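Visitor: Starting from the given sequences, assemble the full structure and let the hints guide the process.
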Amino acid sequence: MLTTATVFLASFIASPQQDPLTDFIARAEQSSPAQILFLANEIGPTLDTKQLIDSGKRILVSTPKAMLAMGQLQTFSDSPLHVEDLVRLLTPEFGEMSQAVLRVFANDVFYDKQQPATALQQWISTLPPNSAVAYTESQLCLANNAPAALRRKALRDLRSSCYDTSDVELSTLAILALARSSSPISADEVLLLEKVAQGINQHATHARTLLVGIAQEQRFQEKIDTLGQLYQSQPTANSDAPADSLDALEELLFRIERQHMEGENYSREELIGAAADGMLRFLDPHSAYFSGEEFRDFMFGMTQEYGGIGAYVNTVDGFFSITRPIYSGPAYGAGLLSEDRIIAVDGWDTIDQPNDEIIKRLKGPPGTTVNLEVVRRGWAEPHFFNISRERIKIPVVQSDILPGGIVYIELISFSSDVAERLFNVIADAKEQGPVNGVVLDMRNNPGGYLNEAVSICDLFLPQDKLVVTTKSRTGRDREYRTSARAFIPAEVPLTILINKYSASASEIVSGALSIHGRATTIGERTFGKGSVQNIFEMNTSSDESFVDTKNRGRKNGTYDDWEDFVDANNNEKYDYGDRVKLTIAYYYLPDGSTIHTLRDHEGKVTRQGGVAPDIEESFDEVPYIEAREMSHLLDEELIQNYAKLLFEDYRAQAVTLAMNDHHDITSYPEWDSFYTSLDTELDGQSIRRWVRRYLRARVSDARGEVFPGNGFIGDYVEDPVLRRAIKHLLDSTNVDYKDMSEYADLVASNN
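Reminder that position 124 of the sequence shown reads as 1050 in my numbering, one-by-one numbering, no gaps.
Don't take each hint at face value.
[As the list claims (entries may be wrong)] Dumping the calculated EDC-like pairs for lysine to aspartate or glutamate here, alpha-carbon to alpha-carbon at most 20 Å: (1) 1319 <-> 1474; (2) 1499 <-> 1346; (3) 1570 <-> 1598; (4) 1507 <-> 1223; (5) 1653 <-> 1587; (6) 1653 <-> 1540; (7) 1499 <-> 1517; (8) 1530 <-> 1282; (9) 1507 <-> 1272; (10) 1476 <-> 1463; (11) 1426 <-> 1547; (12) 1289 <-> 1487; (13) 1476 <-> 1489; (14) 1289 <-> 1272; (15) 1356 <-> 1316; (16) 1499 <-> 1265; (17) 1507 <-> 1463; (18) 1507 <-> 1469; (19) 1391 <-> 1405; (20) 1664 <-> 1598.
[Stated by the list, open to error] Simulated restraints on C-beta separations: (21) 1483 <-> 1575: 30 to 40 Å; (22) 1356 <-> 1261: 33 to 43 Å; (23) 964 <-> 1117: 43 to 53 Å.
Read the hints as simulated data drawn from the structure, not as lab findings. Keep in mind the model is a prediction, meaning the values are calculated, not measured. Think of the CB as a built atom: it goes at the ideal place given N, C-alpha and C, for glycine as much as any other residue.
Guide: Structure follows, in C-alpha cells:
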C-alpha cells in the first residue's frame, strides 16, 4: 500500500535517474508472482494513458515474469496489450504463475476479450477435478466474456462438489467459491456454509464473513420489496397531464425518500442542494451551488484570515501536529516549532479527534487565551503553553532576494490585498539594494479576485494599458485598465513562472504582461480557466446576524471569526445561507484571445485554452522507484535525524548548506558514515536533496522566516524552472555573474 509519504514524494519533481518501467521489469524478475502484481498496482496509477500505451509497445517481454508484470500494468489502460503473452502462461507447467494470470484476467478491462475465456476453458480441462474447483471462482470472474455453456458447467461443477462427502476439503472450497460467486445460493447451500462456519480455522472465518453478506443482501431485498409495495399503493399521476420539469423533480424526491436504500439518511434540503449543484455543474465545471458550510470554506479561501494561534497543522503519525508555524503569529512567538505535537487543547484530549474539531477549538476571538499541552522530541514531559489568539493573515506572498539582485516572489493566491503585499515586498527589496530582475512564481496558483490581478499589472505596466476585457450575454463589454504609472520601471526585466495548475487570475496577469512585452513567461501551458463567476445569495435562506466591527480601521461588511453573532439554531457557530456561484462572463486578453478552454456537452475539449509559455521548461517528476525508496527512508526518520544532527552539532555550517550547498556532498559533515548507514540504492545526490529539504525546515524555525516556495519548487538550488528564469534575467541585464559561485552551472551552460 502506498504510504502518505510516497504520495507526498511523488508530487515533487527531480531529474529522472533511469527509466522507471525498465527498473520495474528488472525488479519483477526478482519477485514472486504475488509481489509482481503488488508492484504493478503501485506503479500503474502513477502513469498516464500515453505512458501505458508506449510502455506496452517498447518494453521487451520475453520471460514469464516480465509477461505477468506488463500484463498487470496494462490493466490500467483502456486498451491493454500483451494479452497473447498472458494467455500463453495459462498452462499447468506455470503453476503459481497461472493463478496470478487469473487475477489479471479478472480485471474489468478484459470484459470484451475472448482470448482469456477460451484459454481458461482449455487450461481448466487439463487439471484434476479438485484443482479445477479451486479455480472455478476465477473462471466465474470472467463470466461476462466466457461462453454461457462454460459458465453453466462451472456452476454445476461447484454444486456437485459441495455435496462430495468423500473429500471434505474439496466440498469446503466448493461451497466457499459458490458463495463468493454472483450466482444465487439455495437454502440447502446456506446450511452447508453455516456448517463450515462452525469450525475454528481460516475457512470458518471466511464462511462467517460470507454469511453476514448473504444476510445483509436478504435484508436489503426485504426492504426493497416493502418499499415497492408502499410505492405501488400511492396514487399515480394522470398520464394525460402535461409534463412539468418541477413535477419530475418532485417525483424523483418522492422515489428517493421512499425507495432508495440510503434515502432515509439525507434530508430533503440536502437532496435539493445536490440537484441544484448537478444542474450548475452540467453547464460548466466552475458554477456551483454552495450550502452554508461550503460557502464558509469558500470565503476562508478568499480572505485567508481568522482568529487563532497562527500555525499550519495536520495529523502526523496519529498526533495532531504543527507542520509549520506562521512565523509572525502567536504560536511561534510562544515558542512552538515545526513537528510539535498538540495533545490537548484547554484540557481536551486531541488524540483520535477529527482535525476540524481540534482546529475549531484552536480558533477564537483575538485577545482570548487558549491553553495547549505539547510534546516534542527530546522532552521528558509535556509542556504547557498559554497563547493569546490574534488576527491571523495567512501569507499569500513569500519572497527572497537571490544573488545578483534577483527578487523572487511566490504568489500563492489572489486573495484580498495581495497586490498591496506584492508592492511592499518590492519596495522593501529596493531599500536593500538595486533590483536587477523580478521573478513572479505563479505555479499552482488557482487564481482569485480579478481586481487584484489588475492591480498587480498596475505595478509593471504604464497607465491606461488594457489588462483584460469581460464579455457576457447581457450588458456591454467591460474593460479593465491600469490606473497608475508603473512602480517597477520597464528597464527591470520580469519573468513569470507558470504551470498547468496556474489558473484564472494567474492567467490574466501572465497573459497580459506577456502580450504587452513586459514579461517573459517560463514553464508549461496554464490551466485554461478564463471565466468570470459571481456569487448570488439565495432567497430561500439567509445568513445569521452579526456585529460588524472595524477591521484595519473600517468595517468590511462580512463576518469575521472574532465577531459576535446571533446563534439562531444554537449550534455554537456562525451559519451562512446558501449561495449560487454562476459563470456570467468570459475573460479576453489584450490581443482579443480568450484563455478559456471550451468543451462540448460530453466534456470533450473543443478548443484548448490557457496561456502558452514564451519559454517551455518543466519540473520532471521524481522517478517512481526513487519515490518509494525515499518513502521508506523517511518513514524510518533516517533523513530527518541526520538533518537534526547537522543543525544541532554544526549550526553555522548547517545554515550555510540550507542557503546553498552547491550540490556538494563532501560539504556535509559525517556524510560517508551517514550514507553508508542508509543501505540504499539511491545515489548520493538524491539523498542530499532531501537532507537539505529538512535542514531548511529547521533553519526556518530557527530564524523565524520561511524559505519561499514549496519543497524543491522555489528553491533556486534545486528548481530547474527557476534557474532558467534567473539565467534569462541575468542575460537581459549588465550583471556579470560569471564569478558568482551560486550560478556556476548557468555560466557553464553558456560555454
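Visitor: Against each hint, give a clear statement of whether it holds in the structure.
Guide: Right, here's what the structure says about each hint:
| no. | hint | in the structure |
| --- | --- | --- |
| 1 | 1319 <-> 1474 | 18 Å, holds |
| 2 | 1499 <-> 1346 | 32 Å, violated |
| 3 | 1570 <-> 1598 | 17 Å, holds |
| 4 | 1507 <-> 1223 | 14 Å, holds |
| 5 | 1653 <-> 1587 | 19 Å, holds |
| 6 | 1653 <-> 1540 | 15 Å, holds |
| 7 | 1499 <-> 1517 | 48 Å, violated |
| 8 | 1530 <-> 1282 | 37 Å, violated |
| 9 | 1507 <-> 1272 | 38 Å, violated |
| 10 | 1476 <-> 1463 | 24 Å, violated |
| 11 | 1426 <-> 1547 | 14 Å, holds |
| 12 | 1289 <-> 1487 | 8 Å, holds |
| 13 | 1476 <-> 1489 | 10 Å, holds |
| 14 | 1289 <-> 1272 | 12 Å, holds |
| 15 | 1356 <-> 1316 | 30 Å, violated |
| 16 | 1499 <-> 1265 | 29 Å, violated |
| 17 | 1507 <-> 1463 | 9 Å, holds |
| 18 | 1507 <-> 1469 | 16 Å, holds |
| 19 | 1391 <-> 1405 | 10 Å, holds |
| 20 | 1664 <-> 1598 | 32 Å, violated |
| 21 | 1483 <-> 1575: 30 to 40 Å | 54 Å, violated |
| 22 | 1356 <-> 1261: 33 to 43 Å | 34 Å, holds |
| 23 | 964 <-> 1117: 43 to 53 Å | 37 Å, violated |
In summary, the structure is inconsistent with hints 2, 7, 8, 9, 10, 15, 16, 20, 21, 23 from the numbered list given earlier, while agreeing with the others.
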